[in-house]
Structure formats: structure tokens, C-alpha cells
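Participant: Below, each chain spelled out in residue letters.
There are 4 protein chains.
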Amino acid sequence: MGTGVAEETQPVIQETTNGVHPAISSDPTVTDTDVRPQYLWPKTRSLLQDAFSEFMGTFILVLLGDGSIAQVVLSKNTKGDWQSICWGWGLGLMFGAYTATKSGGHLNPAVTLSMCVFRGFSWRKFPIYMCAQILGAMAAALVVYGNYKSAIDQYEGYGIRTVGLNTSTAGIFATYPQPFMTRTGMFFSEFIGSSILMFLIFAVVDNAAQYLVPLCLFFVLFAVGACFGWETGFAVNLARDFGPRLVTYALGYGNGVWNAGPYYFWVPMVAPFFGCLFGGFLYDVFLYTGESPINKPFMGVTRPKEAWRNAAQKEKVSKA
Amino acid sequence: MGTGVAEETQPVIQETTNGVHPAISSDPTVTDTDVRPQYLWPKTRSLLQDAFSEFMGTFILVLLGDGSIAQVVLSKNTKGDWQSICWGWGLGLMFGAYTATKSGGHLNPAVTLSMCVFRGFSWRKFPIYMCAQILGAMAAALVVYGNYKSAIDQYEGYGIRTVGLNTSTAGIFATYPQPFMTRTGMFFSEFIGSSILMFLIFAVVDNAAQYLVPLCLFFVLFAVGACFGWETGFAVNLARDFGPRLVTYALGYGNGVWNAGPYYFWVPMVAPFFGCLFGGFLYDVFLYTGESPINKPFMGVTRPKEAWRNAAQKEKVSKA
Amino acid sequence: MGTGVAEETQPVIQETTNGVHPAISSDPTVTDTDVRPQYLWPKTRSLLQDAFSEFMGTFILVLLGDGSIAQVVLSKNTKGDWQSICWGWGLGLMFGAYTATKSGGHLNPAVTLSMCVFRGFSWRKFPIYMCAQILGAMAAALVVYGNYKSAIDQYEGYGIRTVGLNTSTAGIFATYPQPFMTRTGMFFSEFIGSSILMFLIFAVVDNAAQYLVPLCLFFVLFAVGACFGWETGFAVNLARDFGPRLVTYALGYGNGVWNAGPYYFWVPMVAPFFGCLFGGFLYDVFLYTGESPINKPFMGVTRPKEAWRNAAQKEKVSKA
Amino acid sequence: MGTGVAEETQPVIQETTNGVHPAISSDPTVTDTDVRPQYLWPKTRSLLQDAFSEFMGTFILVLLGDGSIAQVVLSKNTKGDWQSICWGWGLGLMFGAYTATKSGGHLNPAVTLSMCVFRGFSWRKFPIYMCAQILGAMAAALVVYGNYKSAIDQYEGYGIRTVGLNTSTAGIFATYPQPFMTRTGMFFSEFIGSSILMFLIFAVVDNAAQYLVPLCLFFVLFAVGACFGWETGFAVNLARDFGPRLVTYALGYGNGVWNAGPYYFWVPMVAPFFGCLFGGFLYDVFLYTGESPINKPFMGVTRPKEAWRNAAQKEKVSKA
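Protein chains in written order, with this note's numbering: chain A, 52 to 371; chain B, 52 to 371; chain C, 52 to 371; chain D, 52 to 371.
Treat the hints with care, since some could be wrong.
Copies of the same chain look alike in the list, so a pair counts if it works inside one copy or between any two.
Said to hold, decoys possible - Lysine-lysine pairs mimicking DSSO-like chemistry, simulated, CA-CA at most 30 Å apart:
1. 347 with 94
2. 127 with 200
3. 347 with 200
4. 94 with 127
5. 127 with 347
Simulated from the structure, these hints should not be mistaken for lab results.
Note that the coordinates shown come from a computational prediction; the quantities given were computed from them, not determined experimentally.
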């Protein structure tokens, strides 16, 4: 399928940490066919590539994920079951990562934050990534809603949109906890899901062959969904949950989207950040030997003079 | 399984854009064992290779896809469920791509069209590909019918063939929409499925390691089926739907195959073309940096003189 | 898992066509640690390696395959469903291929026959392979029976072993057709399953990266099971069906193992050979460009003088 | 997802047999960024790396495995079925292997024992590995319990914890046999599961491309669960079963955790060792041609003088 333009050992995930996008590289020896910044749109696109990539990647993630929930819920489990939902989100993450190759494929503000804290990802990019991710998730929720509008009308009744009833469809877009959960339990469930996500992302990026990483991401999110997905619906991602929730509010699902749970909506906004930071911390403390604040003196909390001097000297040597 | 004739880094998908098939290459230095055009059949085959490959590839696609639906429907969900159908179509696409390696593995007229528009695939080949794909799908539907004839007789009653009833088996071969769907909804559902298909094919061909592409195609069609497959049965392919529909008409399923829906049959013939074009457009606009009309001045709509001159100059340089 | 003895680009499937096993290679420059034929057992083993490999490979195939059926049947579908059975046989073939790497991983007399006919595999080895495969399947059926003996006693009643009733367990080991099938339908179903098997094996070995071949074999058998497995239980293999059937006869399941169907038992013994030959023929006729009888003058049926001369000349040139 | 720090052909599983950890290598030419033993924590960690790796790897294995059982049991099969459990344990082993790359990813005392016996793994490390594995499994069981506490309370009744009833939840953590099993049957079921595990691990490590090994491990444990997992719950691992069983005892599940079965608890402690040894033995006897006691004179039982002399001479030559 497709003409063989892909080179054989093409890197799946590009290095974008340095903030210089290859498409606007100033290296005069590059004669790559990909460099054609002389036309208006390619020039614009290369400036906005990170945002576009995260937008489209998160769009694909939520499109497939929410689409799979919609199909299972609206067909009353005849065209899929919980496992389809795990497949949907897993494939969403896999293809989102293939889509957002140029921006590193974070697709999740909490992952971006952990990359900033533990892997020296540019803090300056954090707000751009987060906005693009939320907007991508919102666009995807709109498309899923448009596609399944007739089915929702048939399921809930024409024009009726509710939250929390047996015939409600708000759960297609954003997550709602099981009724027996305590507030602490909800937070912990999202926290542990996010920790596993981040821990395994670091483990996989470190240890898997690079071109198997997107496939492994499929398995990572599948695992979170199959093992810790029931209680709160494994949002583990502010963009994936808050974006579609906003959309359902705008589409007339009422205040229930905010006060169900009760007021559960803030948990999947906050817990993933703490969870991903903890998962990344755990990985770096026990297993990571590369560049990380954990592998600096006093685990990066302070940086004594001697260390500064060492680092400066090292830099000099490598420049010479 | 098999003797190790496959070379290790053998390309999964050959370059066929230039229209010169390697097997009839005139390069005198090629001493490949694959070049033996002196015998009658190999010579004939190499001339017809594109058509044969697309025929056999689409044959495998529809054989496994329709076969999986047949098994699920006729065994009354005891030997499979919706997920088997996703597996069946996904594996059909994967093995169809392996089978049709020599022609690029399009297996879908809408994919071929998008390749012509966005990747410079030879327009001259479009009608050949489309005919081969439709014929391949028809042959596969016949084989599936032959294989499951006893089971259909037992399911519908001996010699009875119907469309749209609870005991109908026409849905094994071609797709029929859910009863609650509006015409717009049907079109949109096929449109979005095809867009996802084409967008992800481009994303995967661009970013995945080449030998993982067929495996990724499995996941692509699985995703479309698990997330957007319920409402209209994810035909997303003129050949896959129209070919088997013709076969069911010829086999005596009656006029229902055309007027069910009502007159749904044209939707999976038309929508995939628009959907695939839109999906390819979206990918090229936001993410693609290679050769594409989108990456030309004014997004390829016009081509001002200066651009022509640049291109000509570039060509000269590369020839020199 | 395991110490890193595997080399990175280790071939998954060794070349065994020439009949000289690498372990007894006489090449004096080989200083491989694998060559230690001076001790008794390694020497014996290297002489019998083909038989041992096919035995163990078919053992694994049938162990996992029959094991998965046993678990589904005896747990009354609570610990698996039809899809588990597809997984079981698919994984059996995949791990059987990994196990029988040294002999080429045929695991099926019909595959061995097709390799002899279409790929120049040594005819001399055919009876050895076939015996080893049948014995391996018999050993596996015995182990599955031993493991699930208590469960069979609880399911059928202590010491009761029957064929063809609702509470029968003979179907765990050998295949039995659906009651509505005609004799022609049974034969055709096995024939088409075997054709798909062989066609896809050739397609995969030809076009997939070599180390992905066992994974693809998983998908191949999964596809046969999910799409054409219901009517006759996709034996597609004399060894897999006849071996365990003999075992069930010996274990006291009675004459029913032979006369059920009625006298169905010979279909999965004969049809796979025809099916695999046809599948291989189809692939070679339409797609294969390597060494095959199909790619000789008059499709290998006769070999006129001119062709002999050409071949001889070619050989001379390549020797010089 | 993630910044491209992973090198392209990075080895998935490092060689750790020699007991010298790369991070504390004394080779002065190594200028790897991974070598920074001057700080306190990295230095400590590199000394304890094996223990940390096995701890975290087994933690991930049991976290995902027990988590998947918890979700299936507590949601009363609405958010998963037996297949989710196979996925959970398979993914647990796969990601456990990615996590514990630095220690070889055994995650199972019986696997460590087999590596010592058949692959020259350091006996000195056996107790360290076993302790780390058991502690990791215990930690994981605690986290699963914490996460699903509300759900267990809702399922069993607040504060009630039982073993062996229809509403019991002890089976989430440790395994309990089916009621109809004999003691011999239990032992044999665990024995055969462990044999398959070890046999396939050796087959995969030997024959699969190195970076596909963790993916194959997913399939290995999935196969054991789908084909031989029903009767005793496929513990096949002292750490996975005994660790969580201790935790459930500490959490108040009562003496039932020990005397259910009756006194089944010792079977998954003992049988895996025998099973893994037998599986490894089988592989080495019939298929392995590398360094193994089986490939020594008299299958390693004795080592006559001549063999010693040969070995010594060989060593000299390779040193010269």
C-alpha cells in the first residue's frame, strides 16, 4: 500500500528537543527533497509543525478512542465490548504517535510535563503542546458526535442528551467514575494509571527498538485499559478528558458534565500530572542511567558547585 | 515454514511509480534470478503483473473479510463476534498487501485515486487497477458463497436468498446501513471511515519502518471497523462493496441488493473516493513535507512560471 | 528474559534445502561454538535434527491448539470462546515455527509436499518429515488428554468417552464437521482453508522481513480459523488431525472417531494435500518470479531441449 | 512519544552473566554519558541494579496481571473476560521484560534456576533474584489491593474478605484450583504450564530477532493462559503466587489462603521449578546446539578428563 517513499531505517520519532526543526535547518549541505521553505504554506507549516503534529496526533487518539466507546455503547454491546474500547484507545495512541512523529508524539499534557522535568524537553513548548492537544481532542469529539448523531438520537431519544442515566451518552466523550468510588479512590485510580503510562513509556523508549515504539504504545494503553480502566475510565490525560467534556457541555449535555461524580471533572485534569511525574520519577530513580535530574548530585534537588564545575569542564572538552 | 529464499532486508513494497516493472527491466547488468522473460508465461505475467497483483490482493482482502462475516452470521455468533469481523478485514488487508506487493497493494480504487492525486501515481494505471480490484472482490465473494452454501441454505432455508430480514445473508457479502441512519449520516460515516483509512495509510507509509507497514495496515482497518464500523459496515472501498453486491445479485438475492437502504448501494461507491481524497489532503496539508501538490505554490492549484523555472533548473542540476 | 545469546540479525529460518545440515558442515573455517559433534548425543542429534525439529514443532502446534479447544469446551465457554481457539492455533503455529527453525518449520505434511513440488525441497525427506509430524501431534494429544483428564471426567462423566453428543469431548482432539454439511462442502471447506494457508505462507515468506515470518504465521492460521474455521474445524493438516484421532481411538473414544461425519476422517487427511498444492500453484502462477516449475517452459510440465541447453549454459557461466 | 534517545539498534536484553555491570565498567575508553558513578545515588543504584530491575520487572508483571483479574472479577465480567486476563498477564510479562532489561528480565525464580542450570547464569545471584522477585510481586499486590479496595468492599461487602466462595476476591491475587481437580492433576497442570513457558522462552531467545523477544514473551504467557490456564490459574511462578498470597494473608483473608485446595498453596511454589527445569531440559536435549550441560560429554552428568583437556586447550587457543 503506497509507493515506496519510506526509507528503510527511517526514524519513527524525530529528535525535536533542540527546538530547531529539521525543515528549517540552516545547514547548507542539506539537499533533502523535504526542504522547500520557499512556498508560503510549507513555510508556515514548518513554523507551526509542533502544534499541527500534536493537534492531529491527539485528534487521531481521541477519534479512535471515543469512536470505539460510541460504537460499543450505542450498539448496546453487539458491535464490541470492553475489549474493543481497549483496542480503540490503544490503536488511537499508536496511530497518534505515527501521526505526531514530528513533535515527538506526546498527545498528553502530563507526558509533555514529564518530558520537560525528566528529559530536558523545552519548557517554552509546554503551553503550545497543551493547547494543541486540547484543541485536537475537542475537534475529534465533535467529529465522533457528528458521525454518531443519528445513533445517539435513537439511543437517548431525539434531541435528548443526558449524563449519568442508564441511557446516557455523555460517557462516550468524557469519563465518569463508577458510583461506588470514593474521592480518594478516584484520584488514586487515575494516579496509578498515569504512573503506569509514564513508567512504561520511558521503559519502552529506552529499551525497545525505535521502530517498535508505536506498537508498544498500543500495548501500553491497552494494558492500562484492561487492568486499571474500569473504575474511572482510564482518562490519564487532561486533553483527552477535558476537551471532549467541554464539547459535550457546548452540545447541550447540561451541567451534569461538571457536577457528576460529584464534581469528578477535575480529577482527570489534575491526577495525570501527578501520576506521570511519579511514574517518570520511579523509572529514573530505579532504572534510568542517562541524563536526568535524578542522576545529578542530590537527585537534582540542589546542584553543588563541584557539579557545576564538572559539567562546565565536560562541555569545554566536548567542544574542543 | 518455507525455505529461506527471502532476503533479510527485502523491501515489502516495491517502487512501481515509474511504470517500468523490474521484471522487464532492460538494465543489462541485472543478473537477478527473477529475470527470465524468455518463457511464455513469465513474459505474459510480467506484462500483466499489476493487474494480477491487485486482483489477487483484493481477492485475499475480500475472501478473509467476507469469510469472517459469513462465519459470524451463519454460526449465529457462536464462532465469532464483531471483533472477529475486525480481525478478518484487518488480516485481509494485511495479507492482501503482502500478496500485492508488486503493484503497491492498493486494493481499493479510492486509494489508487489518492495515490494518483497526491503521490504522482500513474493515472494511466487507474482503470487497470480499478478493474482488477473489482474482479478480485467478485471472485472472492463467489468463493465465500461456494464455501458457505450449505450453511446459508440451513440458515435461510434451502434456496431462499433474501435482503434485510433477520434471517438474511446478503449482509455477508455487501454492506447495508443500520435502519435508523439518515442518508447524510450514511454518507458521512463512509466518508469519515475512508478519510481515516487514507490519512493513516499515508502516516504509516511515511513514518513506520517499511517492513512493518503491512502489520500496521492490519491495525488501520481493525481501527476503522472497531471505531466507525457499526453504522454502515465500513465498506470504505468501491471494489469491496460493489463487486460482491453484483455477485449477490447474480446469485439470486433479488433487487433488494440495490434498493435496500433505500438505494444505499451508491454510497459506498462514491463516498470512499471523497473520503480518501480528503484524508490524503488533510495529511499532506498538515504533516507531509515530501513531493505533493500541496507542497507546490498555491497548494498545487496553479503553478506560476517561477516555480516551473525552478523545477526545470533543479532537474538539470540533478541530471548533470 | 534470557541471556543475550541470540545475535541481532540471526536468521529465523535456516536454509535446509541442500540437505547438508550446518551442524555437520565440513567447512574447516567454521569455528562456531555450535559445532561440537565430538560427543555422543550432539552427534546423534545433529543426524536426527530434522526429525526432532519437526516432531517438537508439531508437538507445540498441537499442544497449544488442542489445549485451547480443551479449555474452551471443558470450561463451557467461561474461560475462552472461539477466538481463544484461533489464538491457540495461531500461537501454536508461531511457536512451532520458532521451535522447528532448524528443519524449516513445515509442521504439516501438505506444506512439506508443496515445498517439494514448488521449491525444490528434497523428496527424500518427505516421509521423515511426515512421520515426525504425525508422531509429534500424537504426543501432544496425549499430553493434552493427561492434563485435562479430571476435567473430561467431570464433563462427560467418569470414564465415559463419546463422539458426537452434546457432552462429547472427542472434538477437542480431532475435527468433526457441522451436521448440515454435505460431503462436497466438507472437502471444499478443508480444500479452501489449505489453499489459503499455503498461498499466504508463500506470500509471507516471499515478501515479509524474515524475522517477522513466525509472527505472520500466527496471523495466517488465525485468519483461516476466524474466516473459514467453523464448518469443519480448519484441520488443514493431516498430522494435526489424524495423529490426535488415532490417540482418541486408543484412549477408548470408540469407533465413532472413524465413522462420525459419516466417515469424515479421511477428508482432513486428503483435502489438505490438494488444497496446499492448489494454493502454492496459484501463488506461483500469478505472483512468483523465483525458481519454480511454473517459471520453466510450459509451466514445468515438459522441458524442451532448448531450455536444457540454456540452463546448462547458465550454470557454466556462473561456475566460471 | 518521547524524545528519540533510544538508539536504533539498541539491544533489548543486555548481557549480565559476567557479573560486571556496564555502568561500573572500568574500561577507560568508555565515554558513554551513562557512566557517572561519582554521585551517591547512581553509584548505589548500579550496585543494586540487578535487584532493582527484577523488583520493578516483577512489580509490573503482577501489577498488570493481578489488575486484569481484579477488573474482570469485580466488574462481574462486564469490563473484560478470560481473554483480558490472558492479555493482562502477557502484557505484564512483556513490559516486565522491557523494565528489567538490565537484569535479563527473569521475573520468575524458576526461570532464574533454569538459567543457572542450563545457561551458566551465576548461582550467586539466584537468592538475590528470588528475593527481589517475591518482594516486587508483594508490592504489586498491595497496589492492586489499594486501587480496587472500594470495588472489593462493594463486591464482598464492606470489610469482608473471603476465600473460596462465589463472592470471594482472594482469587484476584493468588491462584486457586478448580474444585474437581485431583492433587496430581494440579501438580501436572502447573508443571506442564511451566515446561511450556521455559521451552518457549529458550526457543524464542534462540530463534527470534532480539528486539522481538519481549513481544514474543507476551505471546508465550498468553498461550499458556489461553491453553492451559483454566485448571489452576497458570501461576507458573513462585513469586507471582506466593508473594501476593502472603499479602492477602496479611490483609485479613484468613487461613483460607493456605488451606484452600486443600493446602494447594505449595503446588505453585514447587511445580514451576520442576516444570521449568524439564522444559529447559527438553529444549536443550532436542534442539539446542550452544553451550549447555546437555551438550557436554554424558549430558553433563560427568565430565571425563579428556573433555576438561579439550576445554582448556580451546580456551588457550582463543586467548592466544
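Participant: Run every hint past the structure and note whether it holds.
Facilitator: Evaluated hints:
Taking the shortest Cα distances, residue 347 and residue 94 sit within 30 Å of each other only across copies (11 Å), while inside one copy they are farther apart (40 Å). For the homomeric pair residue 127 and residue 200, the shortest alpha-carbon distances inside one copy (16 Å) and between copies (29 Å) are both at most 30 Å. Proximity of residue 347 to residue 200 under the C-alpha cut-off of 30 Å is found in neither arrangement, the shortest distances being 54 Å within a copy and 38 Å between copies. Taking identical chains as interchangeable, the C-alpha atoms of residue 94 and residue 127 are never at most 30 Å apart, the minima being 48 Å within one chain and 55 Å between chains.
In this homomeric assembly, residue 127 and residue 347 never come within 30 Å of each other (Cα to Cα): the closest approach is 53 Å inside a single copy and 48 Å across copies.
Against the hints set out earlier in the document, violations occur for numbers 3, 4, 5.
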